[in-house]
Amino acid sequence: MAKKRIVTATVNGREEEFLCQPRQTLLEVLRNTLGLTGAKEGCSNGNCGACSVVIDGKAVNTCMVLAVEAEGANIETIEGLAPVDGLDPLQEAFLENAALQCGICTPGFIMSAKAFLDENPNPTEEEIRFSMAGNLCRCTGYDKIVRAIQQAAETRCAQSASCEKETV
Amino acid sequence: MPRLFIPPLLKPYCKGAAEAVVEGTTVREAVESLDEMYPGVKERLCPEGTLRAGLAVTVDQNVTPRGLSEKVTPESEIHFLPAIGGG
Amino acid sequence: MATIDETRTAEGSEETPKYKVIGTRPIRHDGSDKVTGRALYGADIKVKGMIFGAVLRSPHAHANIKSIDTSKAEAFPGVRAVVTSADLPEPGDKIAELGEGAVVLNHLSSNNLARTKVLYKGHAVAAVAADNLHIAQEAASLIEVEYEVLPPVMNVLKAMEDDAPVLNPDVRTEEASTGETGDKPSNIAKHIVFEKGDLEKGFADAKYVVEREFRTSTVHQGYIEPHVATVLWNNDGQITVWTPTQGTFSVRSQMAELLHVPLARVKVVPAEIGGGFGGKISVYLAPAAAVLSRKAGVPVQIVMDRADVLQATGPTPGSFIRIKMGVDADGRLTAAEAWMAYEAGGYPGSPIGAGAMCVFSCYDIPNGRVEGYDVCVNKPRTNAYRAPGATNAAFATETVVDELCEQMGMSPLEFRLLNASKEGTRRIDGVTYPRIGLVETLEAIKNSEHYNTPLTGENQGRGIGSGFWFNAGLKSAVTATVNSDGSVGLLEGSTDIGGSRTAIAMQFAEAIGLAAEDIKPAVVDTDSVGYTDVTGGSRVTYATGWAAYEAAQDLKRQIVSRAAELWEVDPDLVSYEDGSVIGPDKSMTFKEIAIELSLGGEPLVGRGVSNHNEPGGAFGTHLVDVEVDPDTGKVDILRYTAAQDCGTAIHPAYVEGQIQGGAVQGIGWGLNEEYWYDEAGSMRNANFLDYRIPTCYDLPMIDPIIVEVPNPGHPYGVRGVGEVPIVPPPAALEAAIYDAVGVRMYELPMSPPRVLHELLKKES
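Protein chains in written order, with the numbering used here: chain A, 4 to 171; chain B, 19 to 105; chain C, 645 to 1408.
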């Protein structure tokens, strides 16, 4: 068995140091070593998006990343999203739009949507559907998820002066 | 008098009848009444006195959870259908 | 937190809402935990001292097991236990009632750990528990199994042939309802027949007759959370199972039967469940985890990967269906005949019974015959999937109806309105309908903006389809505990897959006169609440909702009697109305009296149970517009509207969600999803890239129309919602494809290669 390595990364704003084997995925380490079970294992091969977190600003399937590759990375997980005194606009929008049924895909969807909206604050429905196609949901038929992301985009725009509304 | 619908595969045991007017206030009594008309049919539907595995009793419009103990009225219809499960 | 939509009445409507809580859209009680990643699903459960299991699975679709040598695995460093079927008790020939119908224990036990034969690729053969998953997986690969490989039987019609290799030597064809069995082992496990009227006369009366054959592929429920079980076999013999399941009490019964232990020694603790759709009722991992735990002396967790889920857990059957229907000159159905063979998988038990009862369920047909077969093939044992058996059947029937309409030159919607089942219609299986709402769903579609907006583009087409599901009642129990601040805890045994905690709490709140937010629902383990049947059959909102309603009635009776005592008046002069207890000269709200009573006397605890059986069948009608790419055969959905009778929508947002989600599963079944097998019986697409469920980019918005024809068999008129919406989509899509490009599709899925094939055939 290969020797364990020490990896240092920023996780939800705090510097974390963890030991891992070279064969361990980042998902396994997040869930089993760091106790961050919000990222879910749905397929283990990058097809369902349930394990999505944001790494250096990009949505990433952590089942496809080795933990040793996370050295120096800035990792944001669902556990770090909400402010202490409430919820993130995406979380609020998912609740208010009933955009979850069983909820297993929800953390992955929210983190993917966060990375997407950070890059494209004012997306069209087509852009949302294209960009979220790597996250699978089997319960909702996506309708309410797409609406929730639309609502969250509006809320984020209203909260941030930097978001310019495109003229129709 | 309750109407008991005879499952098609059971018709050969009932001289080809598709249904029978039976007596009784429960499904069990209705089956016994059918068995008096067509001896041996009870053993087919309810071996050893319990409903055959995989079968369910419908009285009027609804599958009954009470099986052979379900009450029937003179206006009732009794059906024996496959037990089904949902998703 | 804000609610989604404060009122139930339509905009501008003067009508007073009938209910205060029902029909509103409160934020679900478990919502915050589920959007913050705090909710604990099956694989999130960590039990002190737990180790990890891996399962060795058969590489062959059909083989005899000659021998299993586990010695190398046992000797591997870090391995704590190894088990095979020899570690499970001999099941004998018992047939047990285990939650969703009768189960042959030998089959269930062998499906968990194969005994003498493997019947599909992925069939569990042995299991290992070790200090970590990687060790367990390495050790499992060291187990040596000697197989005698047999020819696989992958097709339902081939499996029915006389000389087909037989999967189960103990299975003989049973004639349903007589119990007669065949004289030799067979892959045909069951034969069902329904008859009504005079079939020959019915077809003689017909002016138009269409007869067609249909094939549908094996598809999977496709829940995103793989199966997981964590089990501790404690030193005192008590067994605790932590698992995401549709039925904790069903898991308890299965464990007790399979392990030969008393029921009371098994406790099942529900984890949050990441989807089920019927596929999380049977046990697959818990029995092996239990015997591993007994050997290792510590808790054992086993998690499936996606390939295991697809290859070894309950898909829904592939099928062959032949349908013949006749219509008279006035467009009325005169006769219908169906011949249906459903694949059961390795062991008997396909939903052929339900399929045979659903096949003509949407139509009033005077003469009919339905014949059905349950057939074993070398695929995983099928399990329930949303309206099990009905989607295959509706695809066939509705397509024949569409062809009849074409021949007659009649609008498919008008044809359905003319022939639709309604109250009093007798199905071919003999049962008549109570008050149902099929006609209302057809009218809702007819009046929709979608239906009244013509299609204009090239290669575009529109299709319609209807579907039915029975719904179920069964047993539920609820305990309501009143807190000293006037809030209420609601303990329930129905595991919550899609927001049912809230739908149940809302019915309680309505009955007692509180707000949904005053109720704190909790899904608890099998030691902590009364027996409750599975979350399935679209029964939970109906049946557990009813139990909650009864718990509220129980509390009201107690409050009236206690208030009378408190006020020193005759109980007959005290009543409970609209959330308050009212005496001759005093009244108190629920909260006020709860606080008052908490100061003295015994605690207030309400009890509610239900076992009602008038769930009121439900119908849906879907309308879809598609555009077919003539060069590739790819079908794009342009617009989709789904109307469904749900009796009364308790939480409309989650009712819409059920309709949308079910419709999209039906769309996947119709257009994409299928198990691809090679000649050796090996599934070649056992991952989510190649077994492609719909993504959000494949779909438009799904417009739901909630139709409310209250069910007279429920205090609030509830009908189940979840199952029906999967039924119409393949049929509606088939009709739309034909309307678009003029080819009929008789096989599911209607994937690009198949559509292209038909297009090229038509051109030449």
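FYI, nobody ran anything at the bench for these hints, they're computed from the structure. The reader is advised that the hints may include incorrect statements.
[What the hints assert, rightly or not] Simulated pairs of lysine-lysine, DSS-like, Cα-Cα distance not exceeding 27 angstroms:
hint : chain 1 : residue 1 : chain 2 : residue 2
1    : C       : Lys-664   : C       : Lys-1230
2    : C       : Lys-738   : B       : Lys-60
3    : C       : Lys-1164  : B       : Lys-33
4    : C       : Lys-1230  : C       : Lys-690
5    : B       : Lys-60    : C       : Lys-845
6    : C       : Lys-845   : B       : Lys-29
[Said to hold, decoys possible] With the C-beta cut set under 10 angstroms, the calculated list includes, among others, these residues of chain C facing chain B:
hint : residue
7    : Leu-732
8    : Pro-733
9    : Glu-819
10   : Gly-826
11   : Lys-828
12   : Ala-1000
13   : Lys-1119
14   : Gly-1181
15   : Gly-1261
[Said to hold, decoys possible] A short, non-exhaustive set of chain B residues, derived as facing chain C with CB atoms under 10 angstroms:
hint : residue
16   : Phe-23
17   : Pro-26
18   : Leu-28
19   : Tyr-31
20   : Val-39
21   : Gly-42
22   : Arg-46
23   : Arg-62
24   : Leu-63
25   : Leu-73
26   : Thr-76
27   : Pro-83
28   : Glu-93
For glycine and all other residues, C-beta sits at the position ideal for the given N, C-alpha and C.
Each hint, compared with the structure:
no. : hint                   : in the structure
1   : Lys-664/C - Lys-1230/C : holds, 24 angstroms
2   : Lys-738/C - Lys-60/B   : holds, 22 angstroms
3   : Lys-1164/C - Lys-33/B  : violated, 59 angstroms
4   : Lys-1230/C - Lys-690/C : violated, 53 angstroms
5   : Lys-60/B - Lys-845/C   : violated, 32 angstroms
6   : Lys-845/C - Lys-29/B   : holds, 20 angstroms
7   : Leu-732                : violated, 22 angstroms
8   : Pro-733                : violated, 21 angstroms
9   : Glu-819                : holds, 5 angstroms
10  : Gly-826                : violated, 13 angstroms
11  : Lys-828                : violated, 19 angstroms
12  : Ala-1000               : holds, 7 angstroms
13  : Lys-1119               : holds, 7 angstroms
14  : Gly-1181               : holds, 3 angstroms
15  : Gly-1261               : holds, 9 angstroms
16  : Phe-23                 : holds, 5 angstroms
17  : Pro-26                 : holds, 4 angstroms
18  : Leu-28                 : holds, 5 angstroms
19  : Tyr-31                 : holds, 7 angstroms
20  : Val-39                 : violated, 15 angstroms
21  : Gly-42                 : violated, 19 angstroms
22  : Arg-46                 : violated, 17 angstroms
23  : Arg-62                 : holds, 5 angstroms
24  : Leu-63                 : holds, 7 angstroms
25  : Leu-73                 : holds, 6 angstroms
26  : Thr-76                 : holds, 5 angstroms
27  : Pro-83                 : holds, 5 angstroms
28  : Glu-93                 : violated, 12 angstroms
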